[in-house]
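Visitor: The lines below spell out each chain.
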Amino acid sequence: MTTSNKKNPYRGMFLTWLVLTIAGVIVSIYAPSRLMPRSMSDNMHLTVLTMIVFSVAAAPVAAGIYAFAIHALRHWTHKGEAVPAAGPVVRENAVVVTTWLLVSTLLTVFLLIWGLGALAVDNGSSSKNPLVVDVTGQQWVWSFSYPGTHVQSNELYLPVGREVEFRVTSDDITHGFWIANMGVQVDANAGTWTTIHTTPNQLGTFDIRCTQFCGLNHAFMVTQGHVVTAQQFTTWLDSQPQRA
Amino acid sequence: MTTTLEHTTTDAAPLGGGLARRQNMATALVGGVLFAWLFWFLAHHFLDASSRNYSDLVSVSLTIGWIIGFWLGIGALNAPARWMMGRDNTHADDMYLAGQNQGKARYWKYCTDHKVVGVQYIIMTMVLLGAGGILAMAIRTELIVPGNHFVDQQVYNGFIAVHGLLMILALIVAVAGPWGNFVVPIMCGARDMAFPRLNALSLWTLVGAAGLLLTTLAVGSLSMGWVVLEPIANQAGVGMDFFAMAVVVFTVSTTVAGVNTICTVLTMRTKGMTLARLPIFVWGAIIAAALGLYAFPYFALVEAQTIMDRTFNTSFFVASGGGTGWLQANLFWLMGHPEVYVILLPAVAALFEIASVMARKPVFSYRTAIAGMTGLAGLSILVWAHHMFTTGWAPTLGGPFMLTTELISIPTGLFFLVLIGTLWRGNIWMKLPTIWMFGFIANFIIAGVTGIYLSDIPIDNQLHGTMFVTAHFHYVFVGSVLFGAVAALAFWYPKVTGRFLNEFQGRIAFWLAFIGVQVTFLSMFLSGLRGMPRRYSSYALIFEHTNFITTVGAYMIMAGMLVLLGAVITSWNKGEPAGPNPWHANSLEWMVPTPPPLENFTVLPVITEDPYNYGEELVRS
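In the order they appear, the protein sequences are chains A and B. Everything in the first sequence is counted per our numbering, starting at 1 for the first residue and increasing by one. Everything in the second sequence is counted per our numbering, starting at 1 for the first residue and increasing by one.
If you're looking for bench data, these hints aren't it; they were derived computationally from the structure. Treat the hints with care, as some may be off.
Quick partial rundown of chain A residues pointing at chain B, CB under 8 Å, derived from the structure [what the hints assert, rightly or not]: (1) L35; (2) A58; (3) P84; (4) V90; (5) E92; (6) L116; (7) I173.
Between beta-carbon pairs, the in silico distance windows are [unchecked claim]: (8) D238(A) - D152(B): 42 to 50 Å; (9) T99(A) - W511(B): 31 to 39 Å; (10) V222(A) - W37(B): 39 to 47 Å; (11) D152(B) - G161(A): 44 to 52 Å; (12) P297(B) - D238(A): 52 to 60 Å; (13) W511(B) - T98(A): 37 to 45 Å; (14) A105(B) - N93(A): 47 to 55 Å; (15) N129(A) - L522(B): 42 to 50 Å; (16) V109(A) - G378(B): 13 to 21 Å; (17) A559(B) - A230(A): 52 to 60 Å; (18) A94(A) - V603(B): 38 to 46 Å; (19) A105(B) - V222(A): 52 to 60 Å; (20) G130(B) - V222(A): 31 to 39 Å.
Backbone N, C-alpha and C fix where the C-beta goes; we use that ideal spot for every residue, glycine too.
For reference, chain A alone in the conformation it holds in the complex:
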């Protein structure tokens, strides 16, 4: 099949790619923060940013595949029942293969460097004096205690702006501790502790859901958390019944 454009048969494909890439980049920039839960911590901010960067990087690649598919379907298909004549014989093309490998490797290296950097920030503990919260999962409730205070609660209270270290464990089987607004998730394993850090930076209420299948009421293993001011947090701690 011949293409309609006499000058450059691939101009249409390029334009399709350009339009799709621009559309993809716009969606990549605007969508993540609107589709994901409201960011309430530094981790979540980093997660959304990484989503945007990866989406922008992926947009031209995906657009290329779709531009090719659209072009092939428009210009390179054979209609009718008769057997098509043979296409051009191209068995090898060293330049194309090398370029393809080079570009995909560079993209991968970029993603990797960004990812490792983000991971270092994500794992880093900036504060020498984080608030420690012990999180315990059991079928099918969460409980939170604050070491040094004898306070135990089924709802989580956190002061804004102070780094938190969650020490997570389980009384029975494995659960998954996840704050969707803060981008922190770690399993609660019986007999051992796992830790995860975050710094809440927005006041408000959030849900804590179990992300590791834990049996009958897995879907209902939900509780609420609250980010409050340091003042309110102290007041709340003092108002709780003290457990020995």
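With chain A held as given, fit chain B onto it using these hints.
Guide: Only chain B this time, still in chain A's reference frame:
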């Protein structure tokens, strides 16, 4: 090189009687049930009923009885037993086993003809996909509105486990089973597989495993997901024992099939069929088989350990006895990630074949295709811990596993290069296989890009364990592998039946499935992004709309699959006749008559070039 002579019948007279010649699937089921009862009876009466593992021990005994009885009933042990007694099979016996002069009855028997086994695999794949699909519909119906309405929560939890395993088993065999058996030996120029009896064994062992797996639904209490999460699996009821034994039996089947495929390709190629002249699908089949030989022993091991924890009080995975669920997760994903590529590679390789034939061009950069598949297989054994980023196991290994995981995108990119290069400026023949191939291309890029997000630990810390992951791997398995499998089915269907798969029905099925996949899984991505965890039987109101859309899309996929099933059944005897080489392709399976006679070739062909010489001077006759 075309073989025109029908295979001459040497034993025209019907073969004599004897119990061994009356065995079929019915006797296998009877044997299985009888032995299961016998083992249950013995275990029930002779084991210590006061042991807290009593019910598990009885269940495991029963399942062992089932598979032994099933093997005896189908006749899997006849030939080895006769050999042991010094009364080896005669040539007539072997021809009988190969299904000579038995018409349709051979499809229900322990038949050694690789083409019969291929057709049996087609049927098995459809049965498994159908059962898994019904469970998927039950799951989506339960999730159509918030709250628990249609399915009991405990039953629902069992459904997600059995749906998962059924679909995984179905897709492991979906391309490699039918076409690895039906066309690979002919593509190599062989009269059959290297070990025809093992071929039948692999198929019937799969049937036995599927029987066990479907039984688990009746036994119930399967709160552990298809990955058999520990230590919760240790709490599960006796259904867990059936489930784990089904996996162990299944790994026997895949191991036998994998060894057979590799040996066939390495030793049974005809004269002149060098490795560099092999059709690319053969490469895909053996690379996937080799990867399976690495991966599936872990599967058997981890389920065997689960069973031992439950029956003999070992504590591999139970924290109170010094074990850890992390060990289970490691062993499981050492299998679980390579298994994705055991599933994917045959489908991709079949699409390379289809792209070349339909675009009337050689496979672009054949060696890059092999390098990509080999590279992917190699990398896939080094990435398992990305399934464990949020488990808390070895956080310091996060960086290295992120590296290996992201490297996966390089060989995956080569698949796109080979497909695009092959189709580039071709005369693309828009038939059913081609249409499903384009569906694969459109879906596989979404599967790939969303995989990149999940390989990144900061993002994974947000999205792991959510519906985003579920949507991602359904784009891989439904959007990509299933589309590739249907393309392969439409492509080789005329070779099996002599008739085309109905084009019109196939296109309706395509559009229903293609739009259905986008509706179902794009909305599922949204559920995950908004914060809905996986394996939920109910959900909060904020996930209401996206879940409703997902369920509507799932019904569309099911409707598409039903149309496809109708097309497969009605076209089998009534489709448009196709002749021996409907696509005017060059590989050997199209050079033999349709349907290929027993032992395929009257005279073995001699090969002088690869099968991709479209547009080059030499055209085969």
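Visitor: Against the earlier hints, flag every one the structure doesn't satisfy and list their numbers going up.
Guide: Violated: none.
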